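There are 4 protein chains.
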Amino acid sequence: MIIVLKKDTAPDKVNEMIRRFEEMDLQVQEIRGVHETILGLIGDTSRLDTDDIKSMNIVAEVKRIQEPYKNANRKFHPDDTIVDVSGRKIGGGHFQVIAGPCSVESREQMTAVAAAVKASGAGLMRGGAFKPRTSPYAFQGLRAEGIEYLLEAKKTSGLPIVTEIMNAAHLPLFENVDVIQVGARNMQNFELLKELGKVNKPILLKRGLANTIEELLMSAEYIMAGGNKNVILCERGIRTFETATRNTLDISAIPIIKKQSHLPVIVDPSHASGIRWMVHPLSMAAIAVGADGLIIEVHDHPEEALCDGAQSLTPDQFDEVMQDVKRTVTFFGKQMD
Amino acid sequence: MIIVLKKDTAPDKVNEMIRRFEEMDLQVQEIRGVHETILGLIGDTSRLDTDDIKSMNIVAEVKRIQEPYKNANRKFHPDDTIVDVSGRKIGGGHFQVIAGPCSVESREQMTAVAAAVKASGAGLMRGGAFKPRTSPYAFQGLRAEGIEYLLEAKKTSGLPIVTEIMNAAHLPLFENVDVIQVGARNMQNFELLKELGKVNKPILLKRGLANTIEELLMSAEYIMAGGNKNVILCERGIRTFETATRNTLDISAIPIIKKQSHLPVIVDPSHASGIRWMVHPLSMAAIAVGADGLIIEVHDHPEEALCDGAQSLTPDQFDEVMQDVKRTVTFFGKQMD
Amino acid sequence: MIIVLKKDTAPDKVNEMIRRFEEMDLQVQEIRGVHETILGLIGDTSRLDTDDIKSMNIVAEVKRIQEPYKNANRKFHPDDTIVDVSGRKIGGGHFQVIAGPCSVESREQMTAVAAAVKASGAGLMRGGAFKPRTSPYAFQGLRAEGIEYLLEAKKTSGLPIVTEIMNAAHLPLFENVDVIQVGARNMQNFELLKELGKVNKPILLKRGLANTIEELLMSAEYIMAGGNKNVILCERGIRTFETATRNTLDISAIPIIKKQSHLPVIVDPSHASGIRWMVHPLSMAAIAVGADGLIIEVHDHPEEALCDGAQSLTPDQFDEVMQDVKRTVTFFGKQMD
Amino acid sequence: MIIVLKKDTAPDKVNEMIRRFEEMDLQVQEIRGVHETILGLIGDTSRLDTDDIKSMNIVAEVKRIQEPYKNANRKFHPDDTIVDVSGRKIGGGHFQVIAGPCSVESREQMTAVAAAVKASGAGLMRGGAFKPRTSPYAFQGLRAEGIEYLLEAKKTSGLPIVTEIMNAAHLPLFENVDVIQVGARNMQNFELLKELGKVNKPILLKRGLANTIEELLMSAEYIMAGGNKNVILCERGIRTFETATRNTLDISAIPIIKKQSHLPVIVDPSHASGIRWMVHPLSMAAIAVGADGLIIEVHDHPEEALCDGAQSLTPDQFDEVMQDVKRTVTFFGKQMD
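Residue numbers (the numbering used here), protein chains in the order written: chain A, 1 to 337; chain B, 1 to 337; chain C, 1 to 337; chain D, 1 to 337.
In case anyone wonders, no lab produced these hints; they're calculated from the structure.
Don't take each hint at face value.
Because identical chains share one entry, a pair is satisfied inside a single copy or across any pair of copies.
Claimed, not checked - BS3-like cross-link-like pairs, simulated, lysine-lysine; straight-line CA separation at most 25 Å:
#, residue 1, residue 2
1, LYS326, LYS63
2, LYS75, LYS326
3, LYS70, LYS118
4, LYS6, LYS259
5, LYS7, LYS201
6, LYS6, LYS334
7, LYS118, LYS154
8, LYS229, LYS118
9, LYS70, LYS6
10, LYS75, LYS63
11, LYS154, LYS13
12, LYS201, LYS13
13, LYS75, LYS154
14, LYS334, LYS54
15, LYS334, LYS70
16, LYS89, LYS259
17, LYS7, LYS198
18, LYS63, LYS229
19, LYS13, LYS75
20, LYS6, LYS63
21, LYS259, LYS54
Because the structure is a prediction, the values reported are computed rather than measured.
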């Protein structure tokens with residue numbers, strides 16, 4: 001960490017600051033120039049908050065050099081993390097497609113979609129039982145009943161299930177869920193993240209609409225600091241001024257995350273665009289850029305979908321996309337198993 | 001709501017769609033042009049989701065004409081809502097300043113700051129007991145102990161207290177809190193909002209970093225739909241490309257909100273800028289543009305603040321700001337009482 | 001175009017408005033509901049400005065249904081435009097890589113880089129003679145001398161050249177340039193665009209940092225309306241809150257543009273990321289998503305580059321990227337010729 | 001400027017880099033830690049480009065400490081610049097309102113509006129002769145004829161005129177114009193800025209839709225480096241995700257600019273919001289936050305405006321706004337003269 005002091009700071013104030021940092025077991029080196037004095041802090045600065053330091057009267061600027069995350073940092077864990085979900089591997093060269101409807105709507109729907117997406121090559125099944133909706137008047141999900149239908153579809157299809165949690169109090173309902181999803185709107189619900197750090201299940205953590213890559217990794221750090229190392233990250237589009245797509249897929253986030261972190265990262269082309277026909281080209285881009293998987297919305301009757309139908313593929317459309325996904329994953333040297 | 005159908009949609013499909021809407025007690029009017037067919041839906045469309053409709057095969061575009069919120073809508077409640085917090089009124093010409101430290105740090109700190117901000121003219125006191133922090137390694141707040149210190153400072157100073165909730169499970173601790181704050185990161189934590197709809201206390205709802213004004217009003221609607229009509233909105237800066245300030249204060253949000261809604265709206269110049277000396281000019285702008293109050297960070301020793309010291313004023317600096325706040329509020333025709 | 005009128009608009013005002021539109025040869029259809037009156041305009045509305053209409057006293061909202069561009073619109077030109085640059089084709093299944101340094105620095109540099117990028121498979125050569133720099137104190141390009149060196153490198157290598165124009169007054173210097181580039185900062189320099197509409201050369205039009213896809217197509221329309229139909233579009237990253245990359249590559253813009261327009265579109269992974277090692281993954285993503293080409297910065301000594309060295313590849317690094325570009329272009333069914 | 005080197009950089013490489021900077025008359029100080037080596041550059045670093053330095057193989061990160069602008073920098077010019085336009089002063093406690101139509105439409109219009117806005121207290125008159133329009137099919141302004149009408153209105157009203165230039169080739173037409181405006185889309189048209197640096201007239205420089213405050217000051221620096229020190233800056237809204245207003249007025253930019261620079265800065269509430277009734281509250285906010293003036297659109301028949309009518313006030317509405325502008329400017333201690 002580098003601290004630039006204000007012009008003409010009295011030497012005794014500088015010395016007092018140095019002494020304080022040394023008490024925190026940090027080594028401090030000093031550059032005294034004509035215009036500026038600069039301190040270089042060497043050691044573990046992850047406990048320091050740059051804003052706290054900026055608040056000190058004598059400080060002009062602060063710059064962090066080391067990343068503030070440790071568990072999620074590739075520097076301290078050079079090998080790719082491979083998350084194993086009941087035998088389906090994600091990361092380290094293993095690619096998975098997670099598919100299913102936005103909302104769980106009925107037992108029949110889930111069983112039918114699960115069979116269909118499995119036949120097309122999906123490795124995991126998704127479906128929302130608890131639904132975060134902007135409007136209190138919109139369908140909020142079947143909740144406990146939805147989880148029941150998911151578990152039945154898991155039984156009939158053999159596919160592990162991924163579903164979203166919105167409240168730590170619901171955790172008991174997730175006992176037989178294979179992967180717990182944290183939605184974009186809860187990416188910085190730190191109370192929830194802490195609870196998920198104590199759970200012994202993979203967590204699918206979606207990036208918030210206005211969150212930086214560093215903040216996504218810090219939210220993963222919350223879960224990992226609690227003891228749960230099985231975190232799968234998900235890029236699903238950020239908010240920008242462009243309105244042609246619902247969100248702007250930040251495709252560059254994939255290589256950046258893979259450079260900084262060992263965690264697997266997947267892409268959600270359905271939510272990123274909000275447009276059905278864009279799932280195919282964005283899936284191709286995601287594979288090409290190095291993602292470890294995809295999460296795609298599939299609905300047997302998208303026109304009657306209770307939420308987000310505009311971006312859902314029919315099982316037939318999904319099957320077509322999957323033909324290209326499979327050969328493209330192979331072309332780029334990964335395996336789906 | 002206006003629905004533009006795709007070119008060359010078969011008349012029977014159009015008729016089926018019309019029939020479906022009519023079953024929902026909506027009146028449908030039709031424009032058939034050479035290039036487009038357009039349907040106009042008349043009636044209560046707040047239950048309809050524009051994305052759901054967009055997903056229908058024959059639909060090209062959808063545009064909502066009526067706002068999707070009702071309780072928060074000025075159309076159905078033309079008079080300003082005045083929220084009364086133990087006699088301190090906010091809204092409808094009444095202006096309040098809420099002041100205090102980012103985090104509650106000790107009994108002494110809270111008592112001292114409460115006395116100071118009261119002397120300067122603050123009507124309510126703030127302090128964070130539960131702190132949302134990006135890093136799991138940063139100070140997370142004194143939690144239950146922090147609320148205790150707040151309540152003691154309330155007793156000594158007589159100022160009502162405002163403090164943030166991060167988890168509905170903590171609600172019992174907030175029994176004697178006067179105003180419960182929902183932070184920017186939890187603005188769309190819908191499970192929390194639903195619980196706060198059942199509470200009989202004013203809620204201070206902060207706008208999320210990437211949330212639109214409409215989404216803020218929809219989150220207020222969640223609370224109000226549950227029965228709690230005492231919602232105070234807060235603009236605290238949005239995320240943009242500009243880096244000179246921590247966030248970009250969306251000053252235009254104040255008149256827009258006051259046009260669309262009857263709820264009081266206040267401004268947080270401390271978080272919006274993240275810079276101490278900007279609290280004064282942004283407070284002036286907030287009053288001038290029509291805000292109903294301010295929430296300002298004040299710390300007795302900002303240099304030693306455990307969080308966000310960079311934006312905290314000392315009690316003396318706050319007192320100076322308050323001199324100008326008072327005369328400016330009067331100039332713009334509001335009262336602080 | 002759909003026009004929603006304000007509540008309780010007097011019928012004679014509505015009739016007057018209808019009459020006015022009919023005088024403009026537009027057909028007007030009317031929906032009169034209990035709450036709203038809506039007008040549907042049928043015909044060529046490209047001359048109408050939505051803001052102008054919004055300004056009318058009786059208008060509540062306006063929504064355009066038809067795209068405001070014609071020449072660039074795929075609806076009126078269903079086949080892909082193939083731009084032919086001295087035999088190198090771009091668009092309609094033809095893929096080209098444009099490579100070279102950010103700035104032209106010397107005769108030797110250009111000749112060496114041109115030979116190198118040609119050997120690796122680039123179809124066109126780029127180099128900046130006129131350089132838009134944020135600071136007036138930064139190197140502004142060799143200007144006329146730079147174009148001279150480019151033309152010499154064209155002679156020795158046989159590669160057509162692409163270089164940026166910043167001022168229509170410089171057009172005579174571009175007589176032997178093969179493709180004239182309009183930089184992101186000049187995307188809405190309409191005076192320049194009009195002049196380029198009269199030129200008989202392909203134009204490479206880069207998207208502005210804060211411009212929507214529709215605005216990019218409208219800027220292409222400026223050039224095409226002047227008579228020059230050879231426009232190549234370029235996505236080079238937009239400005240967002242994320243700081244891990246210099247800009248955010250809007251990969252979704254490629255399929256959107258190809259759906260709306262028949263013009264070829266290429267990607268600039270060097271400027272989008274500002275990071276050398278990201279050129280490879282972003283190039284892969286661009287090919288996979290359907291782009292018609294790439295523009296890549298290559299410098300023989302990036303460490304000594306006078307501008308943007310951080311994102312330039314060495315010729316050896318470029319050669320490695322090109323190995324994968326070639327096999328990936330083939331895999332996705334396009335040809336480089 | 002601070003340069004962080006990569007881990008394990010060989011000492012001879014570090015020494016070579018130090019030698020190179022010393023040859024540029026910079027003093028270099030070195031911190032060698034266990035993990036990082038950091039160089040502190042002391043002296044005039046405004047010629048250095050941070051991206052150039054970042055491109056060097058051994059460099060991990062670069063941070064500029066001193067602002068890259070000099071002429072516009074308050075550090076080197078502590079007193080406020082007061083721009084004098086034919087006796088109307090802007091800056092240093094002097095406040096001016098510039099008013100008039102978006103486009104000049106006719107001789108009669110300009111004469112009438114000029115008389116009206118003068119009567120209400122405007123100190124300068126605006127009107128667009130050359131109009132930057134997104135669509136080539138929209139009205140492009142009366143051009144030379146428009147300037148003629150402006151000059152006639154200047155004669156009849158005595159008000160100095162402000163009008164936009166889009167092309168340096170048009171400069172001869174601006175000979176009798178009092179203030180030349182550079183529009184948001186041309187803020188980084190560096191060729192135009194350079195020409196305006198040679199002109200002996202005040203320049204009104206509008207901030208670009210996606211430009212940072214630092215970039216705005218760098219564009220002012222282009223003009224000032226050419227010798228023209230009379231630059232008035234203008235905040236007119238930036239592009240964000242919010243759609244309730246046309247742009248997001250960055251009110252915080254005013255105090256930031258006034259802290260960093262001595263140049264006067266005004267606010268354009270008409271373009272920032274795009275909504276007529278918002279001109280009043282945003283004008284109040286602009287005065288309160290410390291702006292040196294306002295630029296407001298006024299049209300005698302906004303419903304028939306050829307551009308941007310939605311945001312234009314009628315002369316009567318403008319007069320009402322001006323009543324409050326005058327008393328508020330006085331309240332905040334500035335004078336309109």
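Of all the hints given earlier, name the ones this structure violates by number, lowest first. 1, 2, 3, 5, 6, 8, 11, 12, 13, 14, 15, 17 and 18
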